[in-house]
Amino acid sequence: MTARVQRLITAAGLLAAVGVWAQGPPPPGPPRSPKAAAPVDLTGYWVSVIAEDWRWRMVTPLKGDSASVPVTPEGRKLLEAWDPAKDEAAGVQCKAYGAAGLMRLPGRLHITWQDDTTLKVETDAGTQTRLFRFGGTPPPAEKPSWQGYSVANWERPPVTPGAPPTLPIFATRIGTRGRSLEVTTTHLRPGYLRKNGVPYGDKVSLTEYFDYYKEPNGDEWFTVTTIVRDPQYLNGPFITSSDFKKEPDGSKWRPTPCAAR
Amino acid sequence: MGTLTNRLVPALAVAGAFALRASASQGPPPPAAARGAELNVLPVQGAVSMLAGAGANITLQIGKDGVLLVDTPPAALVPQVLAEIRRLSDRPIRYLVNTSLDAEHIGGNAALVGPAAGRGTGGAPFGTIGPNRPAIVAHENVLNRLSASQPPTPAAALPTTTYFQASMDFFFNGEPVVVLHAPRAHTDGDSIVWFRRSDVLSVGDLVRLDRYPDIDLARGGSVDGLIAALDRIIEITVPERLQDGGTRVIVGHGRLCNEADIVEYRDMVAIIRDRVADLVKKGQTLEQVKTAKPSRDYDTRYGSGDAMTEAVYRSLTEKRGTT
Amino acid sequence: MARSGVRLPVRLAEYVAAGLQTGFILAALVLGCPAPAAAQVDFSGQWAPVYHEDNAERIPGPELGDYTGLPLNDAARLQADSWDADRISVVSPYQCRPHSADYGMRGLGNLRVWADLDEKQQLVAFHTYMPAWGSERTIWMDGRPHPPDYAEYTFQGFSTGVWEGNMLTITTTHLKTDYYRRNGVPASDKRTLVEHWTRHADFLTVVTVVTDPVFLTEPLVRSQNWFNDVGQALPAFNCEYASELPGAQKVPNHLPGTNPYLTEFADWYGLELAAARGGAETMYPEYRLKMGAPHSKPPDRCKRYCTCGGGFNCDVNPARR
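Protein chains in written order, with the numbering used here: chain W, 1 to 261; chain F, 1001 to 1323; chain B, 2001 to 2321.
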């Protein structure tokens, strides 16, 4: 065999190998709905288990107590001026039940699929309803509300933000199957991060990650990591994580109205 | 054809290797299956290992000079224990050191020295290490109590080398072996065996992690002596880094320990002692003290505290002569 | 002619073999590094802890008698009630006792994580380092079993991890006795720790689930957060023992029923005393229905650790008494 032929054969082998690799997996079928594509099941009744921040969540904290929250001086002024009687008179008892603080309140959640693209989260504390809409963006005329407008997706594999496209020579991508639910919420009315008036304003945005896990004893849980960004009242992202345990049914569901105290 | 063979065979070999690689299990091969026997040897440090599973833990020191055991198994397990030792060394057993006179720590003495060997019976003379006769080392109080026991202890099981002062020592397998007396602790004949170069202590039932310590008042034990013994162990041990590692402690029952474990154990004994002492000071009877359950926050870890409470109570009141 | 007729099939076979050989070798190079296990995530990096929950407890330290949010049993409560902070000074080994793996992930947690890969780029282990007491931990990812129960226990224990999608679930056994809170609430050596690590962009969430048959009536589930801090550099930690408090009680402890400090916490923060004593019942929403009155008249406003924010700007109001 001549050297030329050897080189041709080597080149053909190389092209064949790259061709096999470049094909990748077989092409996907028609896209599945978010409900059908859900990697985990978050539906059901869930109870908050308060093992952290107990005295800021199970009871209304003392006035002026903003421990752990990175409030700005402007935020500090507002929380020092908190007056639940004024909130009651103004009919804004639900300020502490807005999306940015809701998941920290003791209570139960009832999560269901409203339709194939909307996950509904109801709370018995304050009888609130959040809708996690998969895909799309908030309508232009969306009015601020206690729960705002939430856009959800099953979390995609991580990519460096703003990075240029790359050719993965001898590399693959990690995080090929995320199990987390990512929810971004905007259009929130000003509210409270805690029941004692630690404020968030109308420039707030909320990012949440819901992570499901099951323990060896059979208990099912999810933890929601909540990142609140408010350039007015917080001097950085405020990050908490709240843990919920699944219950077999709604027998302990106990709706209670919003309370300012 | 030679050229074809030269090209085809390697190609098939590469293809075969690739196929095997694709189906091979990930990660390293699983470790060797655990031995079917209940006995397990855990290398500890230096020349010292721990043999677990024969009831009480047995300490092994193995080297060119031979084999040393701290405590011996029940007689029925001696053949199995010997088999484990023979996996590690074919050198003769030279020393058996007994940390106390508890049956579960001396049960194999006679079998390990040979049933025919005895003191002054034509075998190796008393106190001499003959070629086939290990020396049995223990505190003098162990010999005294075993000699007087009813039913009588077989002669072959009796200690042949005893000490009555604070300690004795000898050099074996490249390191000093120091045998320290722990007076009036679990019993009045307890010994702590310290392998100085290996940096290992063998402490017998001065520490047991499976239940409360046995303060054997009938055989000279006391709570204050036990605390003092634990203090001594803490004094000798040196952790390597921030309370982990360093001097290892082989306890009578339970996992391999180090200083931090002994500190927790000592604290438990001291706190229960303080509580009982306070109730004694208030004039409470034994039954009243037991009802108060002074060990109740440790019972979930060590089991019923009644025997411990009674032993501590009697130890404190007998000391005061108020029994 | 006859000779070429014989050679042509051989030559063809040679070409095919050469192509196969080259193709297989190149495919092995490109594809032979096995695809990573599904949804692996790289946790390597420098992680700075976020203290936006329980800041005052985790940084300055918990108040005596604060057992809120812990599913304790009576044994744990009594041990915590008996604990005297002098013990850390008098019992010198406690001066350098590190946080265990579970408390380390809860308490002081600047963290560095790095991965060990073998020559086939397979993940063998993650390692973690926290400068708080120089705690180093190995999380074995190669499927090895845990040691037998008679093996040594350490403060970091023995950890193995498995992937569940994008979540790393870690099981740790062989943990030494330690604490759930730095005011004497004990953690036994019979406990096991399960963690769930997830990375979302530059945030790390670690859920810790501790099961302790000696001191807890149900698993203790808590979750902590870090953010990726590329500028973080972690120092070494040095500790030396020193003799302190000569002549003190051998093991400082409060006799049962004599600790005078156990009601302070409830009084400072206007809480019911039973709630301050903890227990699983107090962790569920329905407890609020039966929660009693505060132990004493609550202050009209916060007077203690009111402004602990994202950093170390906690201040205790000196006028608290």
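It should be emphasised that the hints constitute simulated quantities derived from the structure, not laboratory data.
Honestly, I wouldn't trust all of these hints.
Simulated pairs of lysine-lysine, PhoX-like, Cα-Cα distance not exceeding 25 Å [unchecked claim]: (1) F/LYS1290 to B/LYS2250; (2) B/LYS2250 to F/LYS1282; (3) B/LYS2120 to W/LYS214; (4) W/LYS252 to B/LYS2120; (5) B/LYS2190 to W/LYS245; (6) W/LYS63 to B/LYS2303; (7) W/LYS86 to B/LYS2297; (8) B/LYS2190 to W/LYS86; (9) B/LYS2290 to W/LYS245.
According to the in silico footprint, chain F covers these stretches of chain B (three or more CB under 8 Å from chain F) [what the hints assert, rightly or not]: (10) 2057-2065; (11) 2269-2283.
Quick reminder that beta carbons are idealized off the backbone N, C-alpha and C, glycines included.
Okay, the hints, checked on the actual structure:
Our distance criterion of 25 Å between C-alpha atoms is met by F/LYS1290 and B/LYS2250, whose separation comes to about 24 Å. A threshold of 25 Å between alpha carbons decides the hint, and for B/LYS2250 with F/LYS1282 the separation of about 21 Å falls inside it, so the pair holds. This hinted pair does not check out: B/LYS2120 and W/LYS214 have alpha carbons roughly 32 Å apart, beyond 25 Å. Straight-line distance between C-alpha atoms of W/LYS252 and B/LYS2120 comes to about 52 Å, which puts the hinted pair past the 25 Å bound.
Note on B/LYS2190 and W/LYS245: the hinted pairing holds, with a Cα-Cα distance of about 24 Å set against a maximum of 25 Å. Our distance criterion of 25 Å between C-alpha atoms is met by W/LYS63 and B/LYS2303, whose separation comes to about 9 Å. Distance check on the hinted pair: W/LYS86 and B/LYS2297 sit about 23 Å apart at the alpha-carbon level, within 25 Å; holds. The suggested pairing of B/LYS2190 with W/LYS86 is violated, with an alpha-carbon distance near 52 Å, which exceeds 25 Å.
Distance check on the hinted pair: B/LYS2290 and W/LYS245 sit about 21 Å apart at the alpha-carbon level, within 25 Å; holds. Proximity of the region 2057-2065 of chain B to chain F, defined as three or more residues with a beta carbon under 8 Å from a beta carbon of that chain, is not established by the 0 residues found. Under a criterion of three residues with beta carbons nearer than 8 Å to beta carbons of chain F, the stated coverage of the region 2269-2283 of chain B fails, only 0 such residues being counted.
The structure is inconsistent with the numbered hints 3, 4, 8, 10 and 11, although it conforms to all the rest.
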